Structure formats: structure tokens, C-alpha cells
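Residue numbers (the working numbering), protein chains in the order written: chain D, 1 to 419; chain S, 1 to 419.
Honestly, the hints are just simulated from the structure, not real lab data. Be aware that one or more of the hints could be misleading.
[To be verified] 25 Å max Cα-Cα, derived PhoX-like pairs, lysine-lysine:
1) D:LYS322 / D:LYS341
2) S:LYS322 / D:LYS212
3) D:LYS396 / S:LYS101
4) D:LYS101 / D:LYS83
5) D:LYS116 / D:LYS141
6) S:LYS128 / D:LYS212
7) S:LYS212 / S:LYS179
8) D:LYS128 / D:LYS83
9) S:LYS396 / D:LYS212
10) D:LYS212 / S:LYS116
11) D:LYS223 / D:LYS144
12) D:LYS83 / D:LYS2
13) D:LYS396 / S:LYS109
14) D:LYS125 / D:LYS2
15) D:LYS385 / D:LYS419
16) D:LYS396 / S:LYS396
17) S:LYS341 / D:LYS341
18) D:LYS212 / S:LYS341
19) S:LYS109 / D:LYS385
20) S:LYS109 / D:LYS411
21) S:LYS109 / S:LYS144
22) D:LYS396 / S:LYS128
23) D:LYS128 / D:LYS101
24) S:LYS381 / S:LYS322
25) D:LYS212 / S:LYS109
26) D:LYS396 / S:LYS83
27) S:LYS128 / S:LYS141
28) D:LYS2 / D:LYS116
29) S:LYS212 / D:LYS212
30) S:LYS381 / S:LYS212
31) D:LYS223 / D:LYS179
32) D:LYS396 / S:LYS100
Remember, predicted model here, so these are calculated numbers, not experimental data.
Now for the letters of each chain:
2 protein chains.
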Amino acid sequence: MKAAILCVGTELLFGQTVNTNATYISRQLQLLGFDVLYHHVVGDNPSRLERLIEICFEDCDLVITTGGLGPTEDDLTKEVIAKALGDELVYDEASLASMKKYFVETHRKMTENNLKQALFPSRGKVFKNAVGTAPGFVSEKDGKYIIALPGPPREMMTMFDNEVMPYLSERENAVLYYKIVRTYGIGESILETVLMPLIHGQTDPTIATYAKEGECSIRVTSKRETIDESKSAVEEMMVKIREIIGEHIYSEDDEEMAEVLVRELRERKLQLSSAESCTGGLFAGKITDVPGASNVYRRGYVTYSIESKVEDLGVDQAIIDKYSVVSSEVAKEMAIKALEKSGSDLAVSVTGIAGPSDEGDVPAGRIFMGMSWRDIDGRVKTTFKLMDSGRHDRRKNREYAVLAMIDMVRKNIQNCSKK
Amino acid sequence: MKAAILCVGTELLFGQTVNTNATYISRQLQLLGFDVLYHHVVGDNPSRLERLIEICFEDCDLVITTGGLGPTEDDLTKEVIAKALGDELVYDEASLASMKKYFVETHRKMTENNLKQALFPSRGKVFKNAVGTAPGFVSEKDGKYIIALPGPPREMMTMFDNEVMPYLSERENAVLYYKIVRTYGIGESILETVLMPLIHGQTDPTIATYAKEGECSIRVTSKRETIDESKSAVEEMMVKIREIIGEHIYSEDDEEMAEVLVRELRERKLQLSSAESCTGGLFAGKITDVPGASNVYRRGYVTYSIESKVEDLGVDQAIIDKYSVVSSEVAKEMAIKALEKSGSDLAVSVTGIAGPSDEGDVPAGRIFMGMSWRDIDGRVKTTFKLMDSGRHDRRKNREYAVLAMIDMVRKNIQNCSKK
Chain D
1 MKAAILCVGT ELLFGQTVNT NATYISRQLQ LLGFDVLYHH VVGDNPSRLE RLIEICFEDC
61 DLVITTGGLG PTEDDLTKEV IAKALGDELV YDEASLASMK KYFVETHRKM TENNLKQALF
121 PSRGKVFKNA VGTAPGFVSE KDGKYIIALP GPPREMMTMF DNEVMPYLSE RENAVLYYKI
181 VRTYGIGESI LETVLMPLIH GQTDPTIATY AKEGECSIRV TSKRETIDES KSAVEEMMVK
241 IREIIGEHIY SEDDEEMAEV LVRELRERKL QLSSAESCTG GLFAGKITDV PGASNVYRRG
301 YVTYSIESKV EDLGVDQAII DKYSVVSSEV AKEMAIKALE KSGSDLAVSV TGIAGPSDEG
361 DVPAGRIFMG MSWRDIDGRV KTTFKLMDSG RHDRRKNREY AVLAMIDMVR KNIQNCSKK
Chain S
1 MKAAILCVGT ELLFGQTVNT NATYISRQLQ LLGFDVLYHH VVGDNPSRLE RLIEICFEDC
61 DLVITTGGLG PTEDDLTKEV IAKALGDELV YDEASLASMK KYFVETHRKM TENNLKQALF
121 PSRGKVFKNA VGTAPGFVSE KDGKYIIALP GPPREMMTMF DNEVMPYLSE RENAVLYYKI
181 VRTYGIGESI LETVLMPLIH GQTDPTIATY AKEGECSIRV TSKRETIDES KSAVEEMMVK
241 IREIIGEHIY SEDDEEMAEV LVRELRERKL QLSSAESCTG GLFAGKITDV PGASNVYRRG
301 YVTYSIESKV EDLGVDQAII DKYSVVSSEV AKEMAIKALE KSGSDLAVSV TGIAGPSDEG
361 DVPAGRIFMG MSWRDIDGRV KTTFKLMDSG RHDRRKNREY AVLAMIDMVR KNIQNCSKK
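So that you can see chain D by itself, here it is in the shape it has in the complex (with noise of 0.2 Å):
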């Protein structure tokens, strides 16, 4: 079946609140199998609101209304539902005397404009609200239906939880299954040029790439009868993008590279730490976002300037004189002095021009990642990467090294050894 979702709110065309109704409704309908097409915000404007429903039930066979169910003059939803639909509106005996029974008990006035909210399209089902005054409505028309829920937050997730939900499993017939595959390594335009055999044509299961800073996703959605059928559909087009892509692949489950390295770290009773220029703390920071983190990373050095880097991680000056700050030799020995340093089982470290401005000769973008780590026979190994951007964005540059930085360690760590 195929969805629109249709919020009532000045307050969403001021820019004052951002639409979370329609998001959490996409994402609740897409579970239960519906294609969403639309998504509109529309003011208290009976006129327009008219208008969009109509254009809805072009392509679709379900609108959710959010909004405009209150008391006040100027709450229209509900008139314009039932016109649209040919109704009238008549009270709900059963809402009028929960409502009567809500006031008495918290000792306010009932008001004459509060017998509104009694009132719905005479073909159809009431809503409860569970946590609120104004109760939803289904209403339906040759075969195409309208769900109103109202506009606060916390009410309309209460409703459609609790009624809309139960509602609308007992007609769908489809079940939609979707794995977020995330990658590293290969942009968005590389990927999809490679995935182009499986994209074209693409009817079930479908593959969408995104793009997100520094690293791309990509969906892949089955919608078959069973769960069962539309998980294998899509582990079965997995298999080809693992043969394409596999390399690139950190995660199949919609997972930050930070966490699948926490993970891994977990996993092999490994210790790691961190000597930080230019990204100064990011790299230590997006270690640390994830829960449990203390058991893998116990202690970086944000060695920013030169002497630190000399006094605090103890990198022989020597060396920075003959090869330069932003250098591979003085990225490798800074992770192997934060290694031995640190105690820990392995080391990265960062040295380079963030930006925005060049340093001297040094473009900014340029930036120098080191490694180090025991093998097995304890002998202390390094590497480095280089990672010249050519950007003059200081944030960019800065992120994108510390994504770097953890590829960087993902894909050396079955090398380490415990210390």
C-alpha cells in the first residue's frame, strides 16, 4: 500500500518545531510495509488542507493527518476529513463521557469548545489518547483511508503504537526487511558506478548509496510476503555486493566505524592508545563516544606543539629536524613512543595541516597517520598512510583523519599481538 503523511502546524512552516511526527511515522509505516510517497505541512487552512488530501488519494490509499484535533477555532482537521471523505461529523458517546469524566477528575471546567473533540466523521473508528485530551479517528472511502492523530509528539507515538499499529498489520500483507550496509574507502559516485549492475532494473530487493562525511551507505530493502522471504531476498543480493565491495564493507549493521573498532579492540583483549597533532582530541573523542570504551582505551596525549611531542611523548628531536613535523618518520615515531609510553598493545598517531591555510610549504590537507604495534614474536612493527586532501576545510580535514585513523588501525589489528 502506498502512504502519505500529511502534518497540520503553523508552527512546522515557522521553523519553529522541526517535523518529528512525519519522520517517526515513515519509519513505523515502512516496518509495517508502506511505501510512503509524501510527506506535506500544511497551516490552519481548511482550503489547502482540502486541496492535499485530494492530491494524496491520487497516488495513495492511506493519509496520516498529524495535527489541528484540539479544541480551539481554529483545530479544521476533522471538518476537512469529513468533507473530503462526503461525512458529517457526530459525537462519540463514548468519547463525550470519558472526556465529561476527565474533567470532573482533574477538577477543570469543561468548556463549551471542548465538545469538539467528541465529535468525528460519522463512518469510522475512534482512537483512544492515551495521554492526552484530543483522540484519534480512522475513516475510510472505496478502499482508501484516512488516519488522524494528533499533533503533540508524545500523543501521536502513544496512538499510533498502541491503536494505529494493530490496525494496520491486520491489512497489509507484505513484510519489509532492510539491511544499512556502511563502507569506507570508495566514494558515493566509484560505488554506485560498480553497483550499477545490480541498481539497474532493481525491483525487489531495491539498493539505494548515501553519502555521509567521509564514508557512504548503502540500503538494501526486500518487501516480500514473510519475513522470511524478504530477509533472504535481501542476504541473497548481499552475497553479489560483498563480491563487489566486500572490501570496503566495515559494518552490516548500520554500526559506526568507532564502535566496530571498540568491538574488535573487545574482542581481542587489545589496548590501545593514541598521540594526537592536528586532530587534537578527535581521534581520543570518537573513541570514546562509545559505551565501554574504558575497557580498550585508557589514555592519549594531544601533543599539539613540537615540544610536546618532544617532552611529553619523548620523540628525539633529531628526527623532526631531518624529516619535518608533517612527515610519515615523525608519525611512526610519535605511535612508537605512545606505545611504549602508554603500555598499551597498540598506538596511532596523527601529524599534519589541518587548515585552513597552508604551513609554509605544507599544503593544508596534508596529514601523516602512523601505527605501531608488537607482532607476535614481540618485535615492535609500524606503518603510516597518507591522507593529502588538497581541502582548505579544517573540520573535514580533521574528520576524515580520525575516520582514517581508525580504518588504518581496523585493518592492521589482526597483526597485534597481546604485549
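Once you've looked at the hints, dock chain S against the given chain D.
This is chain S only, laid out in the frame that chain D set:
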């Protein structure tokens, strides 16, 4: 003028992403004096997109789209807009050249589909993308405008502020001027309450408050015939605002608190270092986000574990044993040791439970911040601050602690002497 916002993106319809773009654009259009009548969201479907453009133009003079400007096959916004305006797409030589330059500079391979990003409707004006690859544009037909912006929020916002604001302002007869005032340490509802006498019945200038992560902003806007008139109206209002909440204002120029702190440290030629436990490098990361931070921040310690507090900083184990690691005493001791060890003029520290879980009898969100500096006679001084948030939200606890640390340093800075 009446406007509609039309966002293209399946990730919105899937409920993966909240539509913050529509909120941002609504707010900005309001400042410019536009009435926003609709938000629409549609997927990568050309016929639905075209239909919505038609519908928008029934009521509106301006349609702003976001998304679908990228290089991949499902990025169709430009094609559809050209068709809707009876126009065709042609290559923009300047965009083509700058794109080629970007790919050379960033050492990336330009694929065939990237060329698409240099195609634009033949009638119109290209908007530069300062922080990404896909430019935007405005195109016009019979007094109706379409402005197309990229989907990633940062790119969209930057383009809106740098390109769209000036473009639309020119078309209005009034000149808009606004100030964004940033405050810390006062909640949005209290802020609104104390400013209510100024907000109530406002016509020009207008005052709007916005809650951000851990802080609040106030936007004061005036739109008069000349820029001088708008400016002095805003300035007059600022005098009143400063009288009421002056102590909470840390910037009248929409700066980050870290920016303000780095500037103040530079002006006083003071050097800062840090010793972080539960924020795990985020404070250092925040300070070094600011270009030129290397003048005031030379080094820091991520002392995530107890042994690193003792071994790397030199905190006395006895103090930890006596007061426990999450205590004002340990926070102050960490700051004193960081001051000694780093040779800087002031040092800040943090120790606490970020969450999500409590640890033993210490609740998540209990975080002590310490600070150490030398007074005019060279005596070492300390102070501390407790944030007992009661929150189990790890991210918020960490980010709010970083803000509280910056605020603590900023408020004590006038007591600090150079070593």
C-alpha cells in the same frame, strides 16, 4: 511573497533523517518576510516531483527545493525543474572548471556522472557550493522562482546564507539586518520569560529564541528601508537585552564559545592545557577546532583510566583512594598537575561518569571540572564546578561538560597571570 519548500529525498520518506532543512529554510524565509505555505517531501520520482512543483506554483511565487543535485542516476531535481520551467540543461563552464580543479586538487578521479553536476537550466544563476561539490541555482519564469539547493544540511545552510539570502534580499524593498546573540547558563523557557516584555507585541525588531545543545541563541531582526535604520533598530533593542541578560551573553556575533575563548586567550597571550577523563579528548578537540588554536593550546592529556591519571599526570593515588576518582579534589589535583607538567599558564580538567549507565553509586551525569592557574603573585589557584545532570545520555553529558569547561575558563580568565 508566498513560498513553498520542496525536499527531495527517500531518506526522509524512509524516516532515516529528520527534515531539518525545511525548518531552517522556513526560519530564514520568515526573516526575509516570506509566508511559507507548504513543506513537501517527495522521493526520487520525477513525475511526482513535477506534479508538486505545479501545485506549489498555484499558490506560491517561490519554490525552494533541497536534494537531488548529486552525480548519481537518481538525482533528478535539475532535469525536472528545467522541464517544469520549459527550459533545458546546459553546461556551466565556470562550474565545470571549478569541479575539475577540485578533483585534481583532492587527487580524486572524476567519473562521467560527476559531469552532471555542472548542468543547469539555461536561464538562471548558479549558486556556488562553498563546502561541497554540487552547486545550486535559481531559475525564473513569468515572475515565479525556483531555487534549488543541495540536500546535505551543512551545504544547504552555507549556500542559503551566502548566496540565497543576498539574492532574495535584493528583490525585497526592505533591508534586513540581524544579530545572533549566544548565551550560556540560562534555559530557553526562562530566557523567553525574562525577555517577554520585549517579545510581546513585537513588530520590528523581532526577537526569537532558539534552544541549541546546552545553550540558547537569540535572534534580533529588523527590516527597514535602509541598512542603517535596520542596524540602529537592532542596536537599540540590544541595549535592552543586555540590561536583562547581559551576564549570560558570550557572543553577539554568533560565535562558538570555543572561538571566543581562543580569542580571549590570544589577546592575553595565555596558554592553556587540559587533562580529560570522561570527555576523552573532546575538550581538546573543541579548542583545536578553532583555526589558530596552536597559539594558545600546546598540549593535553587524555587520562581516561586511573593509572594514566597517576602515571601520566602524576596525580597522587592517595587522593584518588581518599576522595574517589569522581570528586572535586581529584578534578582540582588533575588541573594542578596538568598546569605543572605542561608548563602552561592555566589548565582545565574533568572527571566524571558520562553514562549511559551509573557506575556503582555514582550516577551517570555526575561530572567534576577543575581549573588551575597562577594569580598575579605567582601562587597556584584552583576552582571546580560540578555538573550533576541526572542524564543517562552519554553524548549530551560529554558535550555539555565540554561547554561547562569552556565557560569556567572564560569566566576565570581575568584572574590568570602569565607564567
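Sort out whether S:LYS179 lies within 25 Å of S:LYS212, counting only the CA atoms.
holds, 16 Å
Satisfaction of hint between D:LYS411 and S:LYS109, Cα-Cα up to 25 Å:
holds, 24 Å
Restraint status (C-alpha distance of D:LYS101 to D:LYS83 at most 25 Å):
Judged against 25 Å, a Cα distance of about 30 Å means the pair is violated.
If you draw a straight line from the CA of S:LYS212 to the CA of D:LYS212, is it 25 Å or shorter?
holds, 23 Å
Going straight from one Cα to the other, do S:LYS128 and D:LYS212 come out at no more than 25 Å?
holds, 20 Å
Proposed proximity, D:LYS212 with S:LYS322 (alpha carbon, max 25 Å)
It is violated: about 47 Å lies between the C-alpha atoms, which goes past 25 Å.
Check whether the Cα positions of S:LYS128 and S:LYS141 lie no farther apart than 25 Å.
Measuring from Cα to Cα gives roughly 21 Å; hence the hint holds.
Given the hint that D:LYS396 pairs with S:LYS100, test it: the Cα-Cα distance must not exceed 25 Å.
Between D:LYS396 and S:LYS100 the Cα gap is close to 20 Å, so the pair holds against 25 Å.
Pair hint outcome, D:LYS396 versus S:LYS128 [Cα-Cα no greater than 25 Å]
Given pair D:LYS396, S:LYS128 holds - Cα atoms ~18 Å apart, limit 25 Å.
Under the criterion that the straight-line Cα-Cα distance not exceed 25 Å, is the pair D:LYS212, S:LYS341 satisfied?
At roughly 40 Å apart (the allowed maximum being 25 Å), S:LYS341 and D:LYS212 break the hint.
Check whether the Cα positions of D:LYS223 and D:LYS144 lie no farther apart than 25 Å.
holds, 21 Å
Please work out if D:LYS223 and D:LYS179 have their alpha carbons no farther apart than 25 Å.
holds, 12 Å
Against the hints set out earlier in the document, violations occur for numbers 2, 4, 18, 21, 26, 28, 30.
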